[in-house]
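For the record, the sequence lines run as chains A and B. In the numbering used here, each residue carries its 1-based index in the first sequence increased by 14. In the numbering used here, each residue carries its 1-based index in the second sequence increased by 130.
Honestly, I wouldn't trust all of these hints.
Quick list of simulated restraints, FRET-style, between CB atoms [said to hold, decoys possible]: (1) A:Asn330 - B:Ala145: 55 to 65 Å; (2) A:His38 - B:Tyr252: 41 to 51 Å; (3) B:Gly248 - A:Glu141: 12 to 22 Å; (4) B:Glu244 - A:Thr286: 50 to 60 Å.
Derived coverage of chain A by chain B (criterion: at least 3 residues anywhere in the stretch with Cβ under 8 Å from a Cβ of chain B; other residues may be distant) [to be verified]: (5) 131-137; (6) 148-157; (7) 161-172; (8) 250-262.
Treat the hints as calculated values from the structure; they're not laboratory data. For each residue, glycine too, the CB sits at the ideal point set by N, CA and C.
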Amino acid sequence: MRDVSIIGFGQTPVGEHWELSLRHIAAQAVLAAMQDAGIDRADALYVGNMIASETSGQHHLGALVADFVGLRGIEAFRVEAACASGAAALRAGYLAVASGAADLVIVVGLEKMTDAIGNSITTALAEAADADYETPHGLSFVSINALLMRRYMYEFGVRHEDFAGFAITAHQNAVNNPYAMFRRPITKEEFVQARMIADPINLLDSSPVADGAAAVVLCPTDQARSFSEYPVHIRACEVGTDSLALHDRRDPLFLEAAYISVQKAYARAGVTPADIDLFELHDAFTIMAALSLEAAGFARRGEGVRLAMDGAIALNGRIPISTMGGLKGRGHPVGATGVYQVIEVAQQVTGRAGANQVPNARLGMAQNIGGSGATVITTILEA
Amino acid sequence: MGIPAYWRTRTQRYALVGEVCHKCGAKIFPPRDVCPECTRPASDPFTFSGRGEVYSFSTIYQPPEGFEEFAPYTVALVKLEEGPLVTAQLTDVDPAEVHIGMPVEMVTRKLREEGEDGQIIYGYKFRPLLRNTLTPRPSGQAA
Ligand SMILES: [Zn+2]
Numbered sequence: 015m016r017d018v019s020i021i022g023f024g025q026t027p028v029g030e031h032w033e034l035s036l037r038h039i040a041a042q043a044v045l046a047a048m049q050d051a052g053i054d055r056a057d058a059l060y061v062g063n064m065i066a067s068e069t070s071g072q073h074h075l076g077a078l079v080a081d082f083v084g085l086r087g088i089e090a091f092r093v094e095a096a097c098a099s100g101a102a103a104l105r106a107g108y109l110a111v112a113s114g115a116a117d118l119v120i121v122v123g124l125e126k127m128t129d130a131i132g133n134s135i136t137t138a139l140a141e142a143a144d145a146d147y148e149t150p151h152g153l154s155f156v157s158i159n160a161l162l163m164r165r166y167m168y169e170f171g172v173r174h175e176d177f178a179g180f181a182i183t184a185h186q187n188a189v190n191n192p193y194a195m196f197r198r199p200i201t202k203e204e205f206v207q208a209r210m211i212a213d214p215i216n217l218l219d220s221s222p223v224a225d226g227a228a229a230v231v232l233c234p235t236d237q238a239r240s241f242s243e244y245p246v247h248i249r250a251c252e253v254g255t256d257s258l259a260l261h262d263r264r265d266p267l268f269l270e271a272a273y274i275s276v277q278k279a280y281a282r283a284g285v286t287p288a289d290i291d292l293f294e295l296h297d298a299f300t301i302m303a304a305l306s307l308e309a310a311g312f313a314r315r316g317e318g319v320r321l322a323m324d325g326a327i328a329l330n331g332r333i334p335i336s337t338m339g340g341l342k343g344r345g346h347p348v349g350a351t352g353v354y355q356v357i358e359v360a361q362q363v364t365g366r367a368g369a370n371q372v373p374n375a376r377l378g379m380a381q382n383i384g385g386s387g388a389t390v391i392t393t394i395l396e397a
Numbered sequence: 131m132g133i134p135a136y137w138r139t140r141t142q143r144y145a146l147v148g149e150v151c152h153k154c155g156a157k158i159f160p161p162r163d164v165c166p167e168c169t170r171p172a173s174d175p176f177t178f179s180g181r182g183e184v185y186s187f188s189t190i191y192q193p194p195e196g197f198e199e200f201a202p203y204t205v206a207l208v209k210l211e212e213g214p215l216v217t218a219q220l221t222d223v224d225p226a227e228v229h230i231g232m233p234v235e236m237v238t239r240k241l242r243e244e245g246e247d248g249q250i251i252y253g254y255k256f257r258p259l260l261r262n263t264l265t266p267r268p269s270g271q272a273a
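Take these sequences, add in the hints, and give me the full structure.
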């Protein structure tokens, strides 16, 4: 296996892009990444996307995007793993370069959620869950996370307001990210009083539906310096899986797939949790942030939420998370999120995170979670 | 859920028929033909008693398509007395009275109607265990 590096990236601001179609938002991100890397060709392009067929009536995204960025003819296809589709596409690109099959690969995560009408987006997102035994009973994707949160609160004696720190930190960090959707801070009072969606999860526990596209360019590490002043070495990009349905898990409050992917990533990179300077975790809901911190080894079981209560997740804390706003503040265009996360870690470890720079960030980790934890992909990056 | 999928899963949805593993004894629901505990083949039918307790619950205010008329409604993970968790709606109960550990039993109810001329989908829901049904009834036998 060859070492793989990121040599360029591009992202569109996350938000409601009524003026942009699926293909145009993808092209914006890809062309920006190609310009950043200084390339006008590539060997392959992998598209991470979850629900374009539902929101835009469009499958077959690999060829579509390749054509629209002037790369007609190259290898291109879509990779899908629910909300982990972005990181899954990164994994595909990483393998292509590592194996020697390709030298220059573009990975783009892409979602155009505001083209969906009414409750159809709620239905589309629920396709990440078990279509035979979860969704026919009227479960929304939010409610599946709510089942986790309620049980967590019960088992560990935690109150809903104890999760406020996750949302407050994310919003605070989003203020300084020009690509973030919500660039305004929120208060604990607003968090506690937000509109209920699926009890106990309210609007401010939840990341927003949004449009977005983010792209990175990969090449072998030994060629990276010829393309970029700021290459970022992918020390690991590892996948773990679990059952789709919560009810099929031995312990629903333990993210087994996250544990598996993190352990594989730590082993490949030869590091431990103590070496990680920041962690872009998958805070689609505040409960997921807590469970992710526990599965990654930053907190004991039932104590992930405490890191949001004692400031450990702040930019200058023990393990900064959501440093550019996270899914909560930056926004969560589902199939694009995994690539946004990786770009944010790349910015941090190269000292280019601006006002939100984590001091002396050297090694950063991103974790993209599909469904309620059925696919988890953990990526470790170093400048 | 389309008509073929509805037909395929009817015994599970009407009668909580799962499977039992003869290698390790695990009771399996929903059925999957491979034991999740020991990964051996396991396709012998097993009918669950339908009794259990609430493991977790959530009341949904923003429902998916097709469930709008029911909102708000309460969904739950129910821990069946034979072991497995099952995902279902709670019924015949005030959401404010639901709590973790609450004893419940399975009933058959309408899950949804698919449009005006569409099919009506029935399946299991769980309601608070009624005191007068505490008398033992056959359970655990193979169907
Ligand atoms: Zn078995």
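Tested hints:
1. A:Asn330 - B:Ala145: 55 to 65 Å: Taking Cβ atoms as reference, Asn330 of chain A and Ala145 of chain B lie about 58 Å apart, which means the hint holds.
2. A:His38 - B:Tyr252: 41 to 51 Å: 45 Å, holds
3. B:Gly248 - A:Glu141: 12 to 22 Å: Given a distance of about 20 Å, which is inside 12 to 22 Å, the answer is holds.
4. B:Glu244 - A:Thr286: 50 to 60 Å: 52 Å, holds
5. 131-137: holds (count 5)
6. 148-157: Three-residue rule met by the segment 148-157 of chain A, so holds; n is 9.
7. 161-172: holds (count 5)
8. 250-262: Coverage by chain B holds for the segment 250-262 of chain A (5 residues, Cβ < 8 Å).
Every hint from the earlier list agrees with this structure, and none is contradicted.
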